[in-house]
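*Asks:* Produce the entire structure from the sequences given, and follow the hints as far as they go.
Numbering (mature numbering (1 follows the signal peptide of the UniProt record, and there is no 0)), first residue to last: -22 to -1, 1 to 231.
What the hints contain is simulated information worked out from the structure, not anything from laboratory work. Since we're looking at a predicted model, the values are computed, not measured. Worth double-checking, as some hints may not be accurate.
Each computed SDA-like pair below joins lysine to any residue, with the alpha-carbon atoms no more than 25 Å apart [unchecked claim]:
| no. | residue 1 | residue 2 |
| --- | --- | --- |
| 1 | Lys195 | Asn40 |
| 2 | Lys88 | Val74 |
| 3 | Lys80 | Asp27 |
| 4 | Lys61 | Lys80 |
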Amino acid sequence: MASGLLLSSLLVVLALISSSNAAPNGRIVGGVDADIGQFPHQVSLQREDGSHTCGASIISENYLLTAAHCVVVGNGIEPYPAKYFQVRVGSIQRTVGGQLLKLKRILVNKAYGNFLNDVALLELEKPLVFTANIQAIELAEEEVPTGEDVIISGWGRLYTNGPIPYRMQWNTLKALTVDECEEAIGMGDDSLICLAHQANNGACNGDSGGPATYKGKLVGVAGFVVGGCGSTYPDGYAKVAYHRAWIRENAGV
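*Replies:* In C-alpha coordinates:
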(Lines of atoms letter the chains of each structure in order from A and count residues from 1; the text may use other names and numbers.)
(Lines give C-alpha, C1' and ligand atoms only; values in the text may rest on other atoms or scores of the structure.)
Protein backbone atom coordinates (compact mmCIF):
# COMPACT_ATOMS: atom_id res chain seq x y z
CA MET A 1 0.00 0.00 0.00
CA ALA A 2 1.20 3.55 -0.68
CA SER A 3 3.09 5.09 2.23
CA GLY A 4 3.77 8.62 1.01
CA LEU A 5 7.39 7.71 0.31
CA LEU A 6 8.19 7.66 -3.39
CA LEU A 7 10.78 4.93 -4.01
CA SER A 8 9.60 3.42 -7.28
CA SER A 9 11.97 3.49 -10.26
CA LEU A 10 14.76 4.74 -8.03
CA LEU A 11 17.50 3.18 -10.14
CA VAL A 12 16.15 4.84 -13.25
CA VAL A 13 16.11 8.22 -11.57
CA LEU A 14 19.62 7.69 -10.25
CA ALA A 15 20.72 7.34 -13.84
CA LEU A 16 18.79 10.39 -14.91
CA ILE A 17 20.31 12.66 -12.29
CA SER A 18 23.67 11.07 -11.69
CA SER A 19 25.32 14.43 -12.25
CA SER A 20 23.70 15.74 -9.07
CA ASN A 21 24.84 12.80 -6.93
CA ALA A 22 21.40 12.66 -5.35
CA ALA A 23 18.17 10.83 -6.01
CA PRO A 24 14.52 11.35 -5.18
CA ASN A 25 13.75 9.19 -2.15
CA GLY A 26 10.56 10.52 -0.59
CA ARG A 27 8.07 13.44 0.37
CA ILE A 28 7.18 19.45 6.28
CA VAL A 29 10.60 20.02 7.62
CA GLY A 30 11.32 23.30 9.36
CA GLY A 31 7.65 24.30 9.30
CA VAL A 32 5.32 25.83 11.86
CA ASP A 33 1.88 24.88 13.21
CA ALA A 34 -1.09 25.76 11.01
CA ASP A 35 -3.95 27.81 12.43
CA ILE A 36 -7.55 26.60 12.36
CA GLY A 37 -9.05 27.52 9.01
CA GLN A 38 -5.71 28.54 7.48
CA PHE A 39 -5.75 25.74 4.91
CA PRO A 40 -9.41 24.76 4.42
CA HIS A 41 -8.52 22.96 1.17
CA GLN A 42 -6.02 20.62 2.86
CA VAL A 43 -7.07 17.00 3.36
CA SER A 44 -5.50 14.01 5.11
CA LEU A 45 -5.65 10.92 2.90
CA GLN A 46 -5.77 7.89 5.18
CA ARG A 47 -5.93 4.15 5.01
CA GLU A 48 -9.17 2.61 6.17
CA ASP A 49 -7.60 2.01 9.60
CA GLY A 50 -7.18 5.78 10.05
CA SER A 51 -3.42 5.98 9.52
CA HIS A 52 -2.31 9.07 7.60
CA THR A 53 -0.55 8.30 4.34
CA CYS A 54 -0.66 11.41 2.12
CA GLY A 55 -2.13 14.85 1.64
CA ALA A 56 -4.74 15.99 -0.88
CA SER A 57 -6.53 19.18 -1.90
CA ILE A 58 -10.23 19.89 -2.26
CA ILE A 59 -10.85 21.16 -5.79
CA SER A 60 -14.65 20.85 -5.90
CA GLU A 61 -17.60 19.49 -3.93
CA ASN A 62 -16.95 16.04 -5.37
CA TYR A 63 -13.23 15.82 -6.13
CA LEU A 64 -9.87 15.95 -4.39
CA LEU A 65 -6.45 16.11 -6.05
CA THR A 66 -3.51 14.05 -4.77
CA ALA A 67 -0.36 12.30 -6.02
CA ALA A 68 -0.66 9.16 -8.11
CA HIS A 69 2.03 7.34 -6.14
CA CYS A 70 -0.13 7.66 -3.01
CA VAL A 71 -2.82 5.42 -4.44
CA VAL A 72 -1.31 3.07 -7.06
CA VAL A 73 -0.42 -0.57 -6.66
CA GLY A 74 3.34 -1.09 -6.85
CA ASN A 75 5.05 0.78 -9.68
CA GLY A 76 2.07 0.73 -12.02
CA ILE A 77 -0.81 3.07 -12.73
CA GLU A 78 -3.69 0.97 -11.40
CA PRO A 79 -5.10 2.36 -8.14
CA TYR A 80 -6.04 0.40 -5.06
CA PRO A 81 -9.81 0.05 -4.58
CA ALA A 82 -11.34 3.27 -3.26
CA LYS A 83 -12.71 1.37 -0.24
CA TYR A 84 -9.16 1.04 1.11
CA PHE A 85 -9.01 4.79 1.81
CA GLN A 86 -10.79 7.53 3.69
CA VAL A 87 -10.18 11.27 4.01
CA ARG A 88 -10.34 13.67 6.93
CA VAL A 89 -11.48 17.14 5.89
CA GLY A 90 -11.95 20.35 7.87
CA SER A 91 -9.34 19.72 10.57
CA ILE A 92 -5.73 20.71 11.18
CA GLN A 93 -5.40 17.56 13.31
CA ARG A 94 -4.94 14.33 11.37
CA THR A 95 -6.59 12.14 14.02
CA VAL A 96 -9.53 14.22 15.29
CA GLY A 97 -11.97 16.92 14.20
CA GLY A 98 -13.58 17.74 10.92
CA GLN A 99 -15.23 14.89 9.03
CA LEU A 100 -14.17 11.44 7.87
CA LEU A 101 -15.42 10.71 4.37
CA LYS A 102 -15.37 7.70 2.07
CA LEU A 103 -14.20 7.60 -1.53
CA LYS A 104 -16.26 6.49 -4.51
CA ARG A 105 -13.53 6.29 -7.15
CA ILE A 106 -9.83 6.88 -7.76
CA LEU A 107 -8.59 8.06 -11.15
CA VAL A 108 -4.86 8.03 -11.90
CA ASN A 109 -3.19 9.99 -14.70
CA LYS A 110 -2.22 7.28 -17.19
CA ALA A 111 0.93 9.21 -18.10
CA TYR A 112 2.30 8.78 -14.57
CA GLY A 113 5.78 7.30 -14.38
CA ASN A 114 9.41 8.10 -13.53
CA PHE A 115 8.28 10.75 -11.01
CA LEU A 116 6.40 12.74 -13.68
CA ASN A 117 2.64 13.34 -14.13
CA ASP A 118 2.23 12.27 -10.51
CA VAL A 119 -1.42 13.25 -10.09
CA ALA A 120 -4.64 11.42 -9.25
CA LEU A 121 -8.23 12.39 -8.57
CA LEU A 122 -10.28 11.15 -5.62
CA GLU A 123 -14.04 11.21 -6.13
CA LEU A 124 -15.99 11.42 -2.90
CA GLU A 125 -18.89 9.12 -2.14
CA LYS A 126 -21.01 12.13 -1.20
CA PRO A 127 -20.57 15.83 -2.11
CA LEU A 128 -18.90 18.08 0.43
CA VAL A 129 -20.81 20.72 2.32
CA PHE A 130 -18.52 23.73 2.42
CA THR A 131 -17.89 25.51 5.72
CA ALA A 132 -15.30 27.99 7.02
CA ASN A 133 -12.89 25.06 7.46
CA ILE A 134 -13.83 23.11 4.31
CA GLN A 135 -13.27 24.94 1.03
CA ALA A 136 -12.20 24.19 -2.52
CA ILE A 137 -9.06 25.84 -3.84
CA GLU A 138 -8.82 27.38 -7.30
CA LEU A 139 -6.46 25.73 -9.76
CA ALA A 140 -3.59 27.81 -11.12
CA GLU A 141 -3.56 28.51 -14.83
CA GLU A 142 -0.16 30.18 -15.11
CA GLU A 143 3.47 29.54 -14.18
CA VAL A 144 4.76 30.82 -10.86
CA PRO A 145 7.47 33.45 -11.49
CA THR A 146 10.91 32.30 -10.42
CA GLY A 147 11.89 33.27 -6.90
CA GLU A 148 8.33 33.81 -5.74
CA ASP A 149 7.16 32.44 -2.37
CA VAL A 150 5.12 29.23 -2.53
CA ILE A 151 3.35 27.83 0.54
CA ILE A 152 3.36 24.09 1.27
CA SER A 153 1.38 22.32 3.99
CA GLY A 154 0.79 18.86 5.37
CA TRP A 155 1.37 16.25 8.05
CA GLY A 156 4.65 14.90 6.71
CA ARG A 157 7.54 13.85 8.92
CA LEU A 158 9.43 16.62 10.71
CA TYR A 159 12.72 15.24 9.38
CA THR A 160 13.96 12.08 7.67
CA ASN A 161 12.74 9.09 9.69
CA GLY A 162 11.34 11.55 12.23
CA PRO A 163 7.91 11.72 13.88
CA ILE A 164 4.68 12.55 12.07
CA PRO A 165 3.04 15.64 13.63
CA TYR A 166 -0.54 15.56 14.85
CA ARG A 167 -1.05 19.20 13.86
CA MET A 168 -0.69 20.35 10.26
CA GLN A 169 2.57 22.13 9.43
CA TRP A 170 3.36 24.72 6.76
CA ASN A 171 6.43 26.35 5.26
CA THR A 172 7.47 28.79 2.54
CA LEU A 173 9.60 27.67 -0.41
CA LYS A 174 10.80 29.40 -3.59
CA ALA A 175 9.68 28.61 -7.14
CA LEU A 176 12.29 27.70 -9.76
CA THR A 177 12.11 27.74 -13.54
CA VAL A 178 12.31 24.52 -15.56
CA ASP A 179 15.91 25.36 -16.49
CA GLU A 180 16.82 26.00 -12.85
CA CYS A 181 15.26 22.67 -11.88
CA GLU A 182 17.25 20.91 -14.58
CA GLU A 183 20.46 22.50 -13.32
CA ALA A 184 19.71 21.66 -9.68
CA ILE A 185 18.53 18.05 -9.94
CA GLY A 186 18.61 17.10 -13.61
CA MET A 187 14.81 16.90 -13.84
CA GLY A 188 13.73 20.00 -15.75
CA ASP A 189 10.31 19.17 -17.17
CA ASP A 190 7.27 21.27 -18.08
CA SER A 191 5.07 19.02 -15.95
CA LEU A 192 7.14 19.72 -12.80
CA ILE A 193 7.52 22.73 -10.52
CA CYS A 194 10.65 22.63 -8.39
CA LEU A 195 10.57 24.41 -5.04
CA ALA A 196 13.85 25.54 -3.49
CA HIS A 197 14.55 25.85 0.21
CA GLN A 198 17.36 26.16 2.71
CA ALA A 199 18.69 23.09 4.48
CA ASN A 200 16.40 21.62 7.15
CA ASN A 201 13.28 22.84 5.39
CA GLY A 202 10.90 21.38 2.82
CA ALA A 203 8.57 18.46 2.30
CA CYS A 204 8.96 14.98 3.80
CA ASN A 205 7.27 11.57 3.97
CA GLY A 206 3.53 12.02 4.42
CA ASP A 207 3.40 15.37 2.61
CA SER A 208 3.01 13.59 -0.75
CA GLY A 209 -0.09 14.61 -2.65
CA GLY A 210 -0.44 17.74 -0.57
CA PRO A 211 -0.75 21.29 -1.87
CA ALA A 212 1.68 23.99 -2.91
CA THR A 213 -0.08 27.35 -3.24
CA TYR A 214 0.75 30.75 -4.70
CA LYS A 215 -1.49 33.79 -4.19
CA GLY A 216 -4.25 31.51 -2.95
CA LYS A 217 -4.24 29.17 -5.94
CA LEU A 218 -3.11 25.56 -6.16
CA VAL A 219 0.13 25.41 -8.15
CA GLY A 220 1.64 22.08 -7.16
CA VAL A 221 1.05 18.55 -5.85
CA ALA A 222 3.84 17.17 -3.63
CA GLY A 223 5.77 14.42 -5.37
CA PHE A 224 9.36 13.81 -4.23
CA VAL A 225 12.39 15.11 -2.38
CA VAL A 226 16.03 14.73 -3.37
CA GLY A 227 18.82 13.66 -1.06
CA GLY A 228 16.53 13.16 1.93
CA CYS A 229 14.03 15.45 3.61
CA GLY A 230 15.35 18.93 4.23
CA SER A 231 18.39 18.60 1.97
CA THR A 232 19.70 21.57 0.00
CA TYR A 233 18.13 20.22 -3.20
CA PRO A 234 14.73 21.53 -4.36
CA ASP A 235 11.59 19.42 -3.93
CA GLY A 236 9.57 18.17 -6.91
CA TYR A 237 5.86 18.95 -7.28
CA ALA A 238 3.51 18.12 -10.15
CA LYS A 239 2.66 21.42 -11.84
CA VAL A 240 -1.09 22.04 -11.62
CA ALA A 241 -1.20 24.51 -14.53
CA TYR A 242 0.32 21.83 -16.78
CA HIS A 243 -2.20 19.20 -15.63
CA ARG A 244 -5.21 21.51 -15.59
CA ALA A 245 -6.65 20.16 -18.85
CA TRP A 246 -6.52 16.58 -17.53
CA ILE A 247 -8.08 17.67 -14.25
CA ARG A 248 -10.85 19.61 -16.02
CA GLU A 249 -11.57 16.73 -18.38
CA ASN A 250 -11.94 14.21 -15.57
CA ALA A 251 -13.29 16.31 -12.70
CA GLY A 252 -15.08 19.10 -14.50
CA VAL A 253 -13.21 21.90 -12.70
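*Asks:* Can you confirm whether the C-alpha distance between Lys195 and Asn40 stays at or below 25 Å?
*Replies:* Roughly 18 Å separates the two Cα atoms, so the pair holds.
*Asks:* Compare the distance between the alpha carbons of Lys80 and Asp27 with 25 Å, and conclude whether the hinted pair is satisfied.
*Replies:* Holds - the C-alpha atoms of Asp27 and Lys80 are around 12 Å apart, at most 25 Å.
*Asks:* Given the hinted pair Lys88 and Val74, is their alpha-carbon gap at most 25 Å?
*Replies:* violated (34 Å)
*Asks:* Between Lys61 and Lys80, does the CA-CA distance stay at or below 25 Å?
*Replies:* holds (7 Å)
Violated hints amount to a single one, hint 2; each of the other numbered hints is respected by the structure.
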